[in-house]
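Please model the complete structure; the sequences and the hints are all you need to start from.
Just so you know, the protein sequences line up as chains S and V, in that order.
First residue of the first sequence: 1, per UniProt numbering; consecutive thereafter.
First residue of the second sequence: 1, per UniProt numbering; consecutive thereafter.
Since the hints were made in silico from the structure, they are not lab data.
Mixed in with the good hints there might be a few duds.
Claimed, not checked - Using C-beta positions, here's what the derived DEER-type ranges look like:
| hint | chain 1 | residue 1 | chain 2 | residue 2 | range |
| --- | --- | --- | --- | --- | --- |
| 1 | S | V17 | V | D286 | 47 to 55 Å |
| 2 | S | G184 | V | V256 | 36 to 44 Å |
| 3 | S | H254 | V | D286 | 33 to 41 Å |
Values in this document were obtained by computation on a predicted structure and should not be read as measured data.
For each residue, glycine too, the CB sits at the ideal point set by N, CA and C.
Protein chains: 2
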Amino acid sequence: MRRPTLADVAAEAGVSVALASIVMRGAPGAGAATRERVLDVARRLDYRPDTRARLLRSGRSQLLGVMFDVRHPFHVDVLTGLYDAAGRAGYQLTLSAVTPRRAERTAIGELLQDRCEALVLFSPELPAAELAALARSRPVVAMMRAVRRRDVDVVRTDDALGSGQAVDHLVGLGHTRIAHVDGGTLAGSAERRRGYEEAMGRHGLMAYRKIIPGGPGEQDGARAAAALLDDLPTAVTVFNDLSATGLLDVVRGHGVRVPEDLSVVGYDDSSVSRLGHIDLTTVAQDIERMTTDAVTRAVDRIEDRTVIGRDIVVPPRLVVRGTTGRGRQHR
Amino acid sequence: MRRPTLADVAAEAGVSVALASIVMRGAPGAGAATRERVLDVARRLDYRPDTRARLLRSGRSQLLGVMFDVRHPFHVDVLTGLYDAAGRAGYQLTLSAVTPRRAERTAIGELLQDRCEALVLFSPELPAAELAALARSRPVVAMMRAVRRRDVDVVRTDDALGSGQAVDHLVGLGHTRIAHVDGGTLAGSAERRRGYEEAMGRHGLMAYRKIIPGGPGEQDGARAAAALLDDLPTAVTVFNDLSATGLLDVVRGHGVRVPEDLSVVGYDDSSVSRLGHIDLTTVAQDIERMTTDAVTRAVDRIEDRTVIGRDIVVPPRLVVRGTTGRGRQHR
DNA sequence: TTGAAAGCGCTAACAT
DNA sequence: ATGTTAGCGCTTTCAA
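Right under this line is the structure:
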């Protein structure tokens with residue numbers, strides 16, 4: 001009960017392997033009757049073309065290598081969109097995960113062995129120089145991370161704009177004392193901080209500017225909350241949703257009411273922000289567009305089309321939920 | 001700047017391809033000096049063996065195909081453990097995701113094309129007959145799902161025991177009016193319901209048995225909560241953590257205090273249960289052991305070792321957090 | 001429209 | 001210890 005090869009199908013259908021290959025690939029150059037017959041046999045034998053053998057000969061794998069981090073719920077959302085986009089472009093995805101015990105280099109190494117035609121990396125933390133080195137031998141698209149060097153393509157959200165939208169929203173509600181909890185050294189953190197600062201400046205609120213050191217985790221948000229409690233602002237924009245939930249938890253524990261005493265805005269529109277009792281106002285990244293752009297860009301590079309610009313910046317969208325409001329003193 | 005092949009390495013090192021192959025595989029039969037020289041050249045050229053070509057010739061891929069669902073946070077946790085276990089066994093993982101728009105059959109089809117030596121499927125919902133058909137041509141390990149037919153190997157948590165532990169814990173705290181919100185038709189739901197019922201029976205509490213229809217989502221939990229409010233029990237065990245958070249949200253919204261008025265136990269020890277302000281008592285599956293067992297079993301089948309038993313059932317462990325307590329009336 | 005033959009990068013059997 | 005040869009399953013000329 002060996003798994004059938006193309007030769008088996010060809011023999012059974014009474015044609016040459018070459019012809020069978022033409023049929024299986026849907027390539028032109030085979031009679032309609034033959035086509036039908038071969039396809040029929042293939043179905044009957046449950047034949048599956050061997051991707052690897054196919055690649056080996058054709059030099060093409062039609063494979064996009066994707067590195068993602070299992071710890072990041074947002075990555076998983078992006079994965080969904082990427083499958084769709086790749087399917088539309090006629091490419092397959094091959095996944096390699098980063099885990100607490102599996103480094104980026106390991107994950108990428110596996111993708112290279114798999115002979116992907118391009119690499120799509122979700123918020124890689126590798127030094128830009130290393131990304132550039134990778135990109136010398138194949139197209140590399142970095143998502144959710146800005147890269148200064150022009151060696152790799154980048155698809156990312158306009159994080160400065162996103163933070164700005166959050167501030168605009170809060171100002172529109174009457175807030176002036178708006179703080180920002182940042183994300184430390186993480187990708188996107190500097191941008192989001194900058195967007196906050198620029199928006200505060202634009203609204204003439206630089207006097208109220210206040211930045212609390214934070215991070216990506218719930219604990220980071222909790223710590224930031226503690227720092228905030230001494231001198232509570234009326235609103236705060238937080239690096240991401242998880243950190244925001246940590247912050248929410250602590251301030252509520254101290255009797256602070258949300259949004260009456262404090263408005264909170266997260267970032268990512270992750271599943272946690274949508275939980276009924278969290279119901280967090282947040283900045284949503286445009287996954288559909290980012291994934292489409294990433295695949296388009298990767299394919300354009302693979303197929304050697306001329307493309308303009310390395311840096312694709314997608315605007316985000318504010319999702320207003322229950323953690324922002326006018327606040328007690330504004331009514 | 002073509003990527004280097006083994007032939008390039010061999011030429012550069014001044015040896016035959018076969019010998020270079022021996023060195024690269026770490027197979028015996030090469031001089032120490034030669035070995036060093038070849039390895040050196042390989043490193044200099046950044047040579048990476050082509051997994052596919054290797055497999056094509058050797059007939060082995062050392063590849064375990066994994067199907068997981070991006071929507072299930074728990075799957076992602078299991079993935080982490082599986083990478084570790086596979087690494088220890090000298091196997092690589094190839095991942096294929098199920099998404100809202102990518103069915104199980106599609107995901108599995110891709111794994112088959114990749115010529116994995118065995119399939120590891122995370123809570124597959126495919127009919128048992130189809131799993132059996134798959135298993136005819138290669139080993140199949142189903143995780144987190146019971147399968148009656150003895151055609152595939154199964155690694156799963158003793159869900160009945162888990163529910164039982166939850167009930168035991170609640171009874172230990174003095175509760176008698178304990179309800180159960182079930183998971184509908186999902187894998188594990190029947191088992192968890194049974195565990196609840198058996199434990200209630202064991203404690204002589206069948207008179208208080210009460211099962212509310214539910215499901216895996218937050219909304220399902222919210223709906224169940226509504227059904228519960230008319231005649232509130234003092235404790236409830238819920239199908240999974242997400243559903244439990246939905247339930248928590250609604251009952252709290254109605255002024256019910258947790259755990260004073262109602263104790264709640266979830267299932268899965270997922271990241272959401274660990275959030276500070278949820279702090280849900282829950283049943284943790286033993287990921288480390290399950291992944292180790294799954295890989296061991298897959299490899300044993302691949303390498304044709306005799307194994308006893310198809311059904312590996314791993315005991316879970318209750319994680320007590322803040323949503324369970326004695327309750328007001330018991331103090 | 002069809003088939004014969006070569007070869008992708010590698011491993012395995014055999015010979016030296 | 002090292003090289004030679006054949007061939008994995010497929011695609012790709014090229015010829016018929």
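If you check the beta carbons of V17 (chain S) and D286 (chain V), does the distance land in 47 to 55 Å?
Holds: the Cβ-Cβ distance is about 49 Å, inside 47 to 55 Å.
Taking 36 to 44 Å as the hint, is the beta-carbon distance of G184 (chain S) and V256 (chain V) inside that range?
holds, 38 Å
When you take the CB atoms of H254 (chain S) and D286 (chain V), is the distance between them in 33 to 41 Å?
holds, 37 Å
In terms of the numbered hints stated before, the structure departs from none.
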